[in-house]
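Q: Read off the chains here:
Number of protein chains: 6
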Amino acid sequence: MSNAPIPPTLLTRNPDEGFGLAIRLSRFAVKLTQPDGDIRASLRDQYGRDPEMLILASQVVATHFATIAAANNYWKDQQP
Amino acid sequence: MSNAPIPPTLLTRNPDEGFGLAIRLSRFAVKLTQPDGDIRASLRDQYGRDPEMLILASQVVATHFATIAAANNYWKDQQP
Amino acid sequence: MSNAPIPPTLLTRNPDEGFGLAIRLSRFAVKLTQPDGDIRASLRDQYGRDPEMLILASQVVATHFATIAAANNYWKDQQP
Amino acid sequence: MSNAPIPPTLLTRNPDEGFGLAIRLSRFAVKLTQPDGDIRASLRDQYGRDPEMLILASQVVATHFATIAAANNYWKDQQP
Amino acid sequence: MSNAPIPPTLLTRNPDEGFGLAIRLSRFAVKLTQPDGDIRASLRDQYGRDPEMLILASQVVATHFATIAAANNYWKDQQP
Amino acid sequence: MSNAPIPPTLLTRNPDEGFGLAIRLSRFAVKLTQPDGDIRASLRDQYGRDPEMLILASQVVATHFATIAAANNYWKDQQP
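Chains as they are written, first to last, in our numbering: chain A, 1482 to 1561; chain B, 1482 to 1561; chain C, 1482 to 1561; chain D, 1482 to 1561; chain E, 1482 to 1561; chain F, 1482 to 1561.
For the record, the hints were derived by calculation from the structure and aren't laboratory data. Computed from a predicted model, the values in this text were never measured in an experiment. A couple of the hints might just be wrong.
Heads up, the list lumps identical chains together, so a pair's fine if it works in one copy or across two of them.
Subject to a maximum C-alpha distance of 20 angstroms in a straight line, what follows is the list of computed DMTMM-like cross-link-like pairs (lysine to aspartate or glutamate) [unchecked claim]:
no., residue 1, residue 2
1, Lys1512, Asp1526
2, Lys1557, Glu1498
3, Lys1557, Asp1531
4, Lys1557, Asp1519
5, Lys1512, Asp1497
6, Lys1512, Asp1558
7, Lys1557, Glu1533
8, Lys1557, Asp1517
9, Lys1557, Asp1526
Bound-form chain A, shown alone (with noise of 0.2 angstroms):
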């Protein structure tokens, strides 16, 4: 998974792109905030260890996938 800057798009093809998408953004927050890579690695770890800090991370992914999945209508159309 990339740290890459925003895409122009929030248009993915499904919604594991999709989830991929809410990662980043997750992660461009704290990328903001924090731009210092070696101290983020070194939260990283801390909160890989961390069952709380996962469960409220993954509320941050789970609020972004909420905004990529409408802005691709659900990806209804992709649908196999």
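Dock chains B, C, D, E and F against chain A, hints included.
A: Quick look at chains B, C, D, E and F alone, frame taken from chain A:
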């Protein structure tokens, strides 16, 4: 309940399957942040006995369920 | 209030029944994470006396209630 | 502000009454989890002096107010 | 910023006024739970120096702002 | 990223600018509660090194981003 990757569609047959998908999405975010399955199992054991974390985890599920319910137009066409 | 599984429809007759369903969905997520009923009962006893956890639990209910209210078009057709 | 049960409609005459209903819904969830009125009164006393809990309680109210505002089409027809 | 009661309409002239209203709604919920102005002032002093509480308070404002923005159709007709 | 006041419109040219606005709105709420710039700078230093607070701050940004994305109809007309 499986930890399989995100399906190609958010459409499910009924609210119960939608709820199952909401739980999968919640766990998937954690998996992407903490890929080590052993650590995740140990964390799950911790938060399974901590009421506050269980409530917070349940908040993430509620957020994903809202998205999935909207995607399915609240299963109005599947009503009994 | 029952802990029965998720019903086949999110439609309820009025806001009060919708609220009851929101509580069931909140508990159902906890049940899927912690299947042991005895542990759950003990946890419920803990958070029933902890104001912060009660507030957090009430947040989950509010999130589910929002979904259910939308599913029922806010019960506008059932108004007295 | 009353603790009466949930009314048969989410429609209110104005934002102020909608806000009152949001508070009732917030308290109602707590009541269903902790039915003992004396314990609830003691918990309310605790969180009334704890800024973090007051903020979290206010988050629940905000979530219910969003639902009620949508139910009332944001009171656009009642504007002065 | 005033602590005046809730206005009869959620419509505001622009996003800035909408944001002000979101803050009023956030404070109003706290006021209804803790009516004592002196206690509230002391609590505000506490959370004004606590970064976590400031962030949580800012989450409540964001939730109300979402409601108000929707009520105003995102001020699309007032764009410069 | 600027701390300038809220712009007269929520419309932005693309998701990236929308994200920047979401961050400005998040900071603006904090500024209104804690007007002292020196205290704010010190608090920002604290939470920039605290993973839990960074995650919570990122939740506020996600909530504002949802509002701004809806205001912009998810930038569907600006897609490349």
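Q: In ascending order, which of the hints set out earlier in this document are inconsistent with the structure?
A: The structure breaks hints 3, 4, 6, 7, 8, 9; every other hint is satisfied.
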